[in-house]
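*Asks:* Work out the full structure, taking the sequences as your base and the hints as a guide.
Residue numbers (our numbering), protein chains in the order written: chain A, 1 to 216; chain B, 1 to 220.
Rather than coming from a laboratory, the hints here were simulated on the basis of the structure. Please read all numbers here as calculations on a predicted model, not as lab measurements. Check each hint, because a few of them may be wrong.
[Said to hold, decoys possible] DSSO-like, lysine-lysine: derived pairs with alpha carbons at most 27 Å apart:
hint : chain 1 : residue 1 : chain 2 : residue 2
1    : B       : Lys78     : A       : Lys207
2    : A       : Lys134    : A       : Lys190
3    : B       : Lys78     : A       : Lys190
4    : B       : Lys151    : B       : Lys165
5    : A       : Lys109    : A       : Lys190
6    : A       : Lys109    : A       : Lys134
[Unchecked claim] Over 10 Å on every C-beta distance to chain B, these chain A residues come out as not near it, computed from the model:
hint : residue
7    : Val51
8    : Val65
9    : Asp101
10   : Arg111
11   : Val125
12   : Gly141
13   : Asp144
Don't be surprised by glycine CBs; every beta carbon is placed ideally from N, CA and C.
So the chains spell out like this:
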Amino acid sequence: MPEQQPRDTPGHTPGTASEGQRETPRPTQSEGNTAGTLPPQGAPRAEPAVVARIRGAFPDAIEGVTNFRGQLTIRIRNEAIRPVCLFLRDEPDLRFDMIADLCGVDMIKLREIPRFDVVYQLYSVPHNQTLRLKAALDEWGTIDSVTPVWPGANWPERETYDMFGIVFDGHPDLRRILLPDDWHEFPLRKEVPQEGDRHEADRWLQKQDVPVRLTE
Amino acid sequence: MLENRFEKNILTTTVDSLFNWARRSSLWPLTFGLACCAIEMISAAQSRWDFAERFGMLYRASPRQADLMIVSGSVTYKMAPLVYQLYEQMPEPKWVISMGACANFGGPFDTYSHLQGVDRIIPVDVYVSGCPPTPEGLIAGILELQNRVIKYETIAKKEGPVVAKNMRLKERQEAGLKRVVSLNQAGPAAHTVLVKSPHGERQVSTLRTGEGQPQLGSGE
Ligand code: SF4
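*Replies:* Structure representation (structure tokens):
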């Protein structure tokens, strides 16, 4: 079985300088990333095994799959995120038992609706594999919290709420984590300028009884 | 009159200069650091530069025992009430060194969470520039502050911040900076804001020095 990079991998441009390197077989290429669960790399366009497993258990949960340089990203339907995460954590051949990170993205410059993406970086310690999930939600929508699945998602979800105002349904303690509790904006939303609303911030300081020289 | 009427080892001086000499020679800074500048402040206090021992400084863990606050690093809005509270807890007379670009004017963090200069909430005596300032820079700031402390008028019961402010204005005038608006001449260009706090009402004023000029006054 030839162990070559499939030619039609997204992001692969034919004729680039790395072409020569790609020709040499790299047997370890498939280790350490999601390709481990994939069928051998010689079979282009084959669906990665983890995608097939999810599809088998939740036929309509997957909205799209991208595989960029061996980084597998699966887009999951909003409502299906928690059962899919439970499934990924508990299946003996998947065992994604660690959430390495969770964050939000404001996609408003790229698409109108739905506005936000939540990105989950998963890692399977027993199988040494990584996986990225994405789920979208609307500005006034919510998404199921995965804190019941991985307790480590607690603070990342609070941070995502703090920065974007994304509401995680079923989170045990959804408060702001970095900014003060009564802060006036969600600073990483695209409509908030980098410097935020300084006048509001001054007002916040005055509420704390700090005599502040006001921003002009 | 008193000259030459005592034996050796007697020195005549004013109480003011005696007190100020003592104060200058034992500035006790408050132990607290806010960001990366704090690392540089720590290294300045460690064996290589050892500025604390040289200048008779002793880091105190309680603001009640400190008379110098080194604001070393970024002051975020969330931290600002705490910095202000620590400053208020220090007994008079007290001095403030603003260390690093962040504490001076916001530095690289022109962002939603960052107070654009600690002098927006507390009066600052000496600004040390740099990101971070070297220990030598901080030492220069301490020396500069000592020069300032020795001029402090104790017995006259002048208010510290007013003295410091007048001194700053005077120094600027001496340095040839034109168009300085003095404290009492704040014209219509100055904003004055009343802030209520548990300690009573305070006036927060912003002085302008004229069109297109940087602002030299600061809030009290
Ligand atoms: S001035 Fe530079 S070194 Fe100092 S706290 Fe700010 S970023 Fe850090």
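*Asks:* Please write out, lowest number first, the hints stated earlier that are contradicted by the structure.
*Replies:* Violated: none.
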